[in-house]
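*Asks:* Work out the full structure: start from the sequences and follow the hints.
According to our numbering, the sequence shown is numbered sequentially starting from 69.
Simulated from the structure, these hints should not be mistaken for laboratory data. Do not take every clue at face value.
Claimed, not checked - Keeping only pairs whose Cα atoms sit at most 27 Å apart, straight-line, the calculated BS3-like set for lysine-lysine is: (1) K314 <-> K227; (2) K107 <-> K287; (3) K314 <-> K138; (4) K168 <-> K227; (5) K168 <-> K283; (6) K212 <-> K198; (7) K190 <-> K210; (8) K198 <-> K146; (9) K190 <-> K107; (10) K314 <-> K198; (11) K167 <-> K287; (12) K287 <-> K276; (13) K212 <-> K283; (14) K190 <-> K227; (15) K107 <-> K146; (16) K276 <-> K314; (17) K314 <-> K167; (18) K314 <-> K283; (19) K167 <-> K283; (20) K146 <-> K227; (21) K138 <-> K210; (22) K314 <-> K287; (23) K210 <-> K167; (24) K107 <-> K138; (25) K212 <-> K107; (26) K198 <-> K227; (27) K314 <-> K190; (28) K190 <-> K212; (29) K107 <-> K198; (30) K198 <-> K138; (31) K314 <-> K146; (32) K138 <-> K212; (33) K168 <-> K287; (34) K198 <-> K210.
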Amino acid sequence: MVKTLGCSLVFICFLIPMTFADWNILNQKTHSGLKISLKNYCESWRMNVELHNIRDFEVVPEECTDYIGKYVRSIQYKVDSERATEECLVYLSTTCNLKKDGRDAWVFDIDDTLLSTIPYYKNNLYGGNKLNVSDLEDWMSKGKSPALEYSLQLFNDLKSRGIQIILISTRREYLRSVTIDNLVNVGYHGWAGLILRDSANELVSVAKYKSDARKQLIKNGYRIWGIVGDQYSSFEAPPSSTRGFKLPNPMYYVA
Numbered sequence: 069m070v071k072t073l074g075c076s077l078v079f080i081c082f083l084i085p086m087t088f089a090d091w092n093i094l095n096q097k098t099h100s101g102l103k104i105s106l107k108n109y110c111e112s113w114r115m116n117v118e119l120h121n122i123r124d125f126e127v128v129p130e131e132c133t134d135y136i137g138k139y140v141r142s143i144q145y146k147v148d149s150e151r152a153t154e155e156c157l158v159y160l161s162t163t164c165n166l167k168k169d170g171r172d173a174w175v176f177d178i179d180d181t182l183l184s185t186i187p188y189y190k191n192n193l194y195g196g197n198k199l200n201v202s203d204l205e206d207w208m209s210k211g212k213s214p215a216l217e218y219s220l221q222l223f224n225d226l227k228s229r230g231i232q233i234i235l236i237s238t239r240r241e242y243l244r245s246v247t248i249d250n251l252v253n254v255g256y257h258g259w260a261g262l263i264l265r266d267s268a269n270e271l272v273s274v275a276k277y278k279s280d281a282r283k284q285l286i287k288n289g290y291r292i293w294g295i296v297g298d299q300y301s302s303f304e305a306p307p308s309s310t311r312g313f314k315l316p317n318p319m320y321y322v323a
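*Replies:* Okay, structure coming up:
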């Protein structure tokens, strides 16, 4: 009897960690009854961020931070980024009627579009910690952001075709010098304009700030053929270009 009870307890103790190891959110099912894994849930969450269905989140769900960290360090992240930049060139070759008069323009965001903040977010649970702007800007001020490989290739390809590259970033004006140095040090040079936020527009939304910047560019005679950014706020407000292209970024959301 005692031996049987002991064996039963051992068996139950063995099952408990297995149960918890297999436990996932939503009681392992979607609302429609589909059985899911934690990986399924986190991939669905990431995809719906990219589709702009999930908005205004302040942190990556705690249960998904490991998954998001693996994604932004993965070959898949690079493949997704490469595909987005390739689609820019397909569009350019098949649709854009460039005038080649020095007024054909393309707009890029900077962070997680030309330069990567993944090294910063690595120490912040890949978006699992709420953003501390002062801490992020302190990291930016060191000028150590690496280039995003396929963005650099696209940047140089567009420039070689005579397209004027305009950078519109939410980085603040006091970071101008270090931002220029960082860009040049990792291979970016020859842009036609670098627009950063100053005290006059710090309180407006990102979408309005970037929209106003594009309005001024158009007023100055530029034709904006395309915009590349990692957030929808980079290109969703008017005046838009003919096309906006979003690079993958599930770590944070900028309204």
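*Asks:* Of the numbered hints stated earlier in the document, which are not met by this structure?
*Replies:* Numbers 2, 13, 14, 23, 25 and 26, in rising order.
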